[in-house]
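Start from the sequences and build out the full structure, keeping to the hints where you can.
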Amino acid sequence: MVGDGASMTTSAEPYVLNIGPQHPSTHGVFRIRVVMDGERIQDLDMIVGYLHRSMEKLAEERTYTQNIPFTDRADYLAAMSSNLGLCLAAERLADVEVPERASYLRVIFAELQRIASHAMANGTLVSDAGAWQTPLLYMFREREKILDLFEMTCGARLTTNYMRIGGVAFEPPPEFWPALEELVDELPDRISEYEELLTQNEIFVARTRNVGIISAEDAINGSLVGPALRGSGVPWDLRKAEPYCVYDRMEFDVPIGRTGDVYDRFMCRLAETRESTKIIRQAIEGIPDGPHKTDIPLALRPPPGEVYGRVEGPRGEVGFYLVSDGGPAPYRFHLRAPSLINLSLLRELARGASLSDAVVTLGSIDIVVGEIDR
Amino acid sequence: MPAGPTQLAGQRVAEALDRALPGIVTVSNDEWVEVAPARVDEALHWLHDSEEFDAAQLSSLCAVDYHDHFAVVYHLQSLDLNHQIVLKARVSDHEEPALPSSYPIYKGALLQEREVYDLMGIRFEGHPDLRRIFLWDGFPGHPLRKDFMGIGQGLTSGLRRFPFEDKANPDRQLNRDNLIGDEQDVPSEWSGTAPA
Chain G
12 MVGDGASMTT SAEPYVLNIG PQHPSTHGVF RIRVVMDGER IQDLDMIVGY
62 LHRSMEKLAE ERTYTQNIPF TDRADYLAAM SSNLGLCLAA ERLADVEVPE
112 RASYLRVIFA ELQRIASHAM ANGTLVSDAG AWQTPLLYMF REREKILDLF
162 EMTCGARLTT NYMRIGGVAF EPPPEFWPAL EELVDELPDR ISEYEELLTQ
212 NEIFVARTRN VGIISAEDAI NGSLVGPALR GSGVPWDLRK AEPYCVYDRM
262 EFDVPIGRTG DVYDRFMCRL AETRESTKII RQAIEGIPDG PHKTDIPLAL
312 RPPPGEVYGR VEGPRGEVGF YLVSDGGPAP YRFHLRAPSL INLSLLRELA
362 RGASLSDAVV TLGSIDIVVG EIDR
Chain D
6 MPAGPTQLAG QRVAEALDRA LPGIVTVSND EWVEVAPARV DEALHWLHDS
56 EEFDAAQLSS LCAVDYHDHF AVVYHLQSLD LNHQIVLKAR VSDHEEPALP
106 SSYPIYKGAL LQEREVYDLM GIRFEGHPDL RRIFLWDGFP GHPLRKDFMG
156 IGQGLTSGLR RFPFEDKANP DRQLNRDNLI GDEQDVPSEW SGTAPA
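Which chain is which? The protein sequence lines are G and D, in order.
Per my numbering, residue 12 is the first one in the first sequence, and the count goes up by one each step.
Per my numbering, residue 6 is the first one in the second sequence, and the count goes up by one each step.
These are calculated hints, taken from the structure and not from any lab test.
Among the hints, a few may not be true.
[As the list claims (entries may be wrong)] Derived DSS-like pairs (lysine-lysine); straight-line CA-CA distance at most 30 angstroms:
| # | chain 1 | residue 1 | chain 2 | residue 2 |
| --- | --- | --- | --- | --- |
| 1 | G | Lys251 | G | Lys156 |
| 2 | G | Lys251 | G | Lys289 |
| 3 | G | Lys68 | G | Lys304 |
| 4 | G | Lys251 | G | Lys304 |
| 5 | G | Lys68 | D | Lys151 |
| 6 | G | Lys156 | G | Lys289 |
| 7 | D | Lys112 | G | Lys251 |
| 8 | G | Lys68 | D | Lys112 |
[Stated by the list, open to error] Cβ-to-Cβ under 8 angstroms is the rule here; a few derived chain D residues that face chain G:
| # | residue |
| --- | --- |
| 9 | Thr11 |
| 10 | Phe58 |
| 11 | Ala61 |
| 12 | Ser64 |
| 13 | Val78 |
| 14 | His80 |
| 15 | Leu84 |
| 16 | Lys112 |
| 17 | Leu115 |
| 18 | Gln117 |
| 19 | Ile138 |
| 20 | Leu140 |
| 21 | Gly143 |
| 22 | His147 |
| 23 | Pro148 |
[As the list claims (entries may be wrong)] Just a sample of chain G residues kept apart from chain D, beta carbon distances all over 12 angstroms, derived:
| # | residue |
| --- | --- |
| 24 | Gly49 |
| 25 | Thr135 |
| 26 | Pro184 |
| 27 | Trp188 |
| 28 | Ala217 |
On a predicted model such as this, the values are computed, not experimentally measured, just so you know.
Backbone N, C-alpha and C fix where the C-beta goes; we use that ideal spot for every residue, glycine too.
Structure (structure tokens):
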């Protein structure tokens, strides 16, 4: 074989690799077909719809209150935030006043949900990056405590259905408050623990630094929101830009990244959980006594018109575009799903990257397939 | 009217748009501005580049079926100036609705336009990859259209009926006769006595 170099090399033709719909790195029933050239991705096509339930069509036959449980099933890792988005939109459409105590309770639960969702996002990202289940289970420890708080308040852990148009469904039970304070006291230590464990971890840094870089211009132009946008250094947070509930009374920072890589998005999420803890503490101190909801008619009939209500969910702007024709059900119900729209740049990001980097990039965008498909 | 706290008045946008691109605005009010459908990409391009409006991000794109026409609704966001612009395009052709794609201006339109195409059946000319996104190829029809799987004869599916009503509307209290729906919903051959 001396001198016959050609026969020693393997000819590499592009080949198609299918990932999913059931695959641990896709975080749900999400399928990707990639055209591979050796280890590099030439092209990527995402195939979604396995969880499509046509929520927007179903919503047109149900009253505004009956639609709140649907929003739980859209983003099932951040049900509280989606609940809140729909309620705020419907309240603005129907001109319903919300008692102050309810607004504080909403802030507490939305921020708890953000911590729980970010714990899940960061845990699965680290697990995608190769640190098998240990960090994920560490982060689940805090998430579990938050879900216990949800359960004691509204009986459900994931599909909470807690917010109502005009307030919240229930007053938290007496044992809720000491448990919440205990959690808020220990959270900063836990977050420091993760920072020590992961941010200096050589393998994790090598797998995430300078991987999946999104420039600020691309992030804005590609309609990215939430930590995916802030990781690229754009200080945009609806809690600051368009304060709802009582966020204008809270003091907190909006963490941003610098390079827009996977590591920055991870760090943004980690820093946001710290800020959320600060917000919850302020809300516990400031919460007034009073009713937790206003009574609204069973069949709320908002005047004809339209509204676009939005909140900053864990994955970014959750928008509800509601059109009313004066009837008890919305004429059109559109959910602007951050998980779907954050994937607009996925194809561009994947081209030229290695498969393992693409998996980490997808993990750092943090998708929830229930919300993509709706 | 329920306008968002940072939403710009449609008239203000309409005035500037009309000055820059004469004849493009068809309707405007204090909530939104409606432009000629064939020129919607021009309007978006101008708003994107304009310093006064700085519509840097296409925050949401969706369509509404109004039976005789579709309204495609663009929610544009300026991150620097912190305001929102609502732009609409009215597509009158209910059989073969089509609009110019906004993808050349906003990359964020890639999946949103596919979603509108899939569920509402509006074609976006110039979109690089216009395929169904949630439903499979060959799915009959577009489910978000109002006439999709409609029940004929003026009947509604029943879920929209709300016989229990409330304190606010005392004349619409629970009424046993109402449980099967309003009088006018029942086709004439169903009511009355059986033919002899």
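Evaluation of the provided hints:
| no. | hint | in the structure |
| --- | --- | --- |
| 1 | G:Lys251 to G:Lys156 | holds, 28 angstroms |
| 2 | G:Lys251 to G:Lys289 | holds, 15 angstroms |
| 3 | G:Lys68 to G:Lys304 | holds, 29 angstroms |
| 4 | G:Lys251 to G:Lys304 | holds, 25 angstroms |
| 5 | G:Lys68 to D:Lys151 | holds, 9 angstroms |
| 6 | G:Lys156 to G:Lys289 | holds, 17 angstroms |
| 7 | D:Lys112 to G:Lys251 | holds, 25 angstroms |
| 8 | G:Lys68 to D:Lys112 | holds, 26 angstroms |
| 9 | Thr11 | holds, 5 angstroms |
| 10 | Phe58 | violated, 15 angstroms |
| 11 | Ala61 | holds, 5 angstroms |
| 12 | Ser64 | holds, 7 angstroms |
| 13 | Val78 | holds, 7 angstroms |
| 14 | His80 | holds, 6 angstroms |
| 15 | Leu84 | holds, 5 angstroms |
| 16 | Lys112 | holds, 4 angstroms |
| 17 | Leu115 | holds, 5 angstroms |
| 18 | Gln117 | holds, 6 angstroms |
| 19 | Ile138 | holds, 6 angstroms |
| 20 | Leu140 | holds, 6 angstroms |
| 21 | Gly143 | violated, 13 angstroms |
| 22 | His147 | violated, 10 angstroms |
| 23 | Pro148 | holds, 5 angstroms |
| 24 | Gly49 | holds, 25 angstroms |
| 25 | Thr135 | holds, 22 angstroms |
| 26 | Pro184 | holds, 29 angstroms |
| 27 | Trp188 | holds, 32 angstroms |
| 28 | Ala217 | holds, 30 angstroms |
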